[in-house]
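Engineer: Going down the list, the sequences are from chains A and B. The first sequence maps to residues 1 to 408 in the working numbering. The second sequence maps to residues 1001 to 1231 in the working numbering.
No lab work stands behind these hints: they were computed from the structure. There's no promise every hint is true.
Looking from chain B toward chain A, a few residues come up when the C-beta cut is under 10 Å (computed) [stated by the list, open to error]:
(1) Val1021
(2) Leu1057
(3) Asp1058
(4) Ser1062
(5) Ser1082
(6) Pro1099
(7) Leu1137
(8) Arg1156
Keep in mind that this is a model prediction, so the values were computed, not measured. We put the CB at the ideal spot given by N, CA and C, even for glycine.
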Amino acid sequence: MWLVRLGALNLLRSPKRVALSLISVVAGVSVFILGDGFANGLTENVIRAEIDTVGAHVTLTPLEYDSDAFTRPIEDAFTLTEATTVALDDQTESWTRRILFSPEGIVRSDGIRLRGVAYDPATDEAVFPRDTWVVQGELPTPENGGVLLAIKAATLLGVEAGDWLTLRTRTVDGALNALQVPVSGVLSAGNPIMDINTVMIPWPLAEDLVQHHDRTTHLHARLGNRWNADSFAEQLAVTQPDAKPETWEQATEELVQLMEMRRTLFRIMSFALLAMAATGIANTILMAAYERVREVGTLRAMGMTRRQVTGLFLIEGAFLGIVGGLLGAAIGGFATYYWSINGIDLAPLMAESGDVNNGIAFSTMLYMYFSPPTIAVGVAIGAFVATIASVYPARAASSLSPADAVRA
Amino acid sequence: MSAICQLENASKIYGSGPTEVRALDSVSVSIEPGEFTVFSGPSGSGKSTLLNLIGLLDEASSGQVFLQGHDVSHLSQRKLASLRAQQIGFIFQSFNLVPVLTALENVTLALQLAGLGGNHKEQATKVLQDVGLGEFLHRRPNQLSGGQQQRVAVARALVKKPALVIADEPTANLDTKSGDNVLDLMHDLNESLGATFLFSTHDPRVMARAKRIVKLRDGRIEADERPNGGV
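Using the sequences and the hints, build the whole thing.
Structural biologist: Structure, rendered in structure tokens:
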């Protein structure tokens, strides 16, 4: 215990030098924690956006369905079997059906390709929550007979709530069809996939446009526990042989891998900083060892063993790491916690990047993921790196000859 | 009376070939309990080397070193450290106190290193009071005068009741008055406790108090005198 105390007291000898060494440990640990919180938050963001906006927990699409965002074939739309309906009613929290298609939105002579979403007004909101939706105008109703248009598309087409829009597309059976509909509202959902070119069309109105006759291209189910998605998907594969199930994990697999790459990048950054910290700490401890040669000699003369001398300098390094790690954890942890509660608004960033989202759903509010275990790991890494960095100086100090050192 | 420490034909050679330096050349000397012995001699005469061997800080190139009758010439570093911790006290020219520790903590450290039982704080306090520093227990070395620091060093060396105390030029960094005080203190402790002191010094005041003076020249013992009734 006295050795630990002596090690701690020794750190107070050169506070400025210690502070400089601490900076890099603090930076390394805080970047590690922030990076992990950001990467985890981003992954969770993408997963939640996928679940809440695009696919819920399990999606059924026609067999051989080409999920390319620009084609959205509807000719293989399927009709739910009795067994599928029973399974959905019995085992899901909520479920709904959608038809995704690619109508052209035309206003006067201007036309753009839209992401058409035919939705069931009675069940859609239970599966795809609308907490973040801001609608200028009103939601489509049987009375207004309108559609909901994404804000970006509305801007491009110069449309406001109450204006008319022509939708031109092929029906489920392949015929060309067009419909002129009022835009009841303009939608900002805080999610690029919804806000750029989506047009939401209620199920009865979609019947007039694509003539689905209660067939669907996308069936979405929300479960009580998202981790049960695999087993439920397997069940749907049996009850609905003309469709293929996809779980939220499968839907986000590639994106999550991309997020993991970001996490790796953050880790590389933090480890580079920690490597710098290690160099600084090694230097600090080595300088301390050389400055205290006579003192080391005295301690050796008094009976301190080489192992104890090594331990003394390792303790000093470890203290540096622990203090730096704790400070880094405090900074990184506080920032991560703050942004896990308040979120980071990515909307300005999105505006700058020109709305290129390649069909990826994510929320423009990014909530970092606050993880106490990550913070503990950060502190441990800081202490470990600093202790390892002190091995060489500690061994250098302990290998001093007491006879020479005592008169240095 | 059996010797506390004994060197038999101990030599210490640094380097080899044309750069070889024979710092100590077949020296035999025996230190009895209660001695107040001074090793004197010009620079390079081998005083410090001799004290290094006696203090188990260095190993002899040849010959044997005995501590309390046991041959310690070939012990491991760990065992030597243990013997130093328990049997030998050191007092240095520059005091060599640990600057981040108080006077009390510096003295306590010697007990902790020795692994001795009892209440370390009480024992350290008593020795510091004995050397006249009862009021300065909680001062750090930089808050003490040179003489006071050397008194702490004396207390640190004596607190574990070692077989011998080795003092290397203990008055060299002290003014005359402080030097005299420290020497008087050590002399009194030698007289009252029977503590064995070995000095390396040029200081005539130390030699004036010595019971035995061993003069060294060129790594050999030139004379071994007992001027103050030493036996």
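Engineer: So, for every hint listed, does it hold in this structure?
Structural biologist: Hint-by-hint comparison with the structure:
no.: 1; hint: Val1021; result: violated (14 Å)
no.: 2; hint: Leu1057; result: holds (4 Å)
no.: 3; hint: Asp1058; result: holds (4 Å)
no.: 4; hint: Ser1062; result: violated (17 Å)
no.: 5; hint: Ser1082; result: holds (7 Å)
no.: 6; hint: Pro1099; result: holds (7 Å)
no.: 7; hint: Leu1137; result: violated (17 Å)
no.: 8; hint: Arg1156; result: holds (8 Å)
Of the numbered hints given earlier, the model fails hints 1, 4, 7; all others are met.
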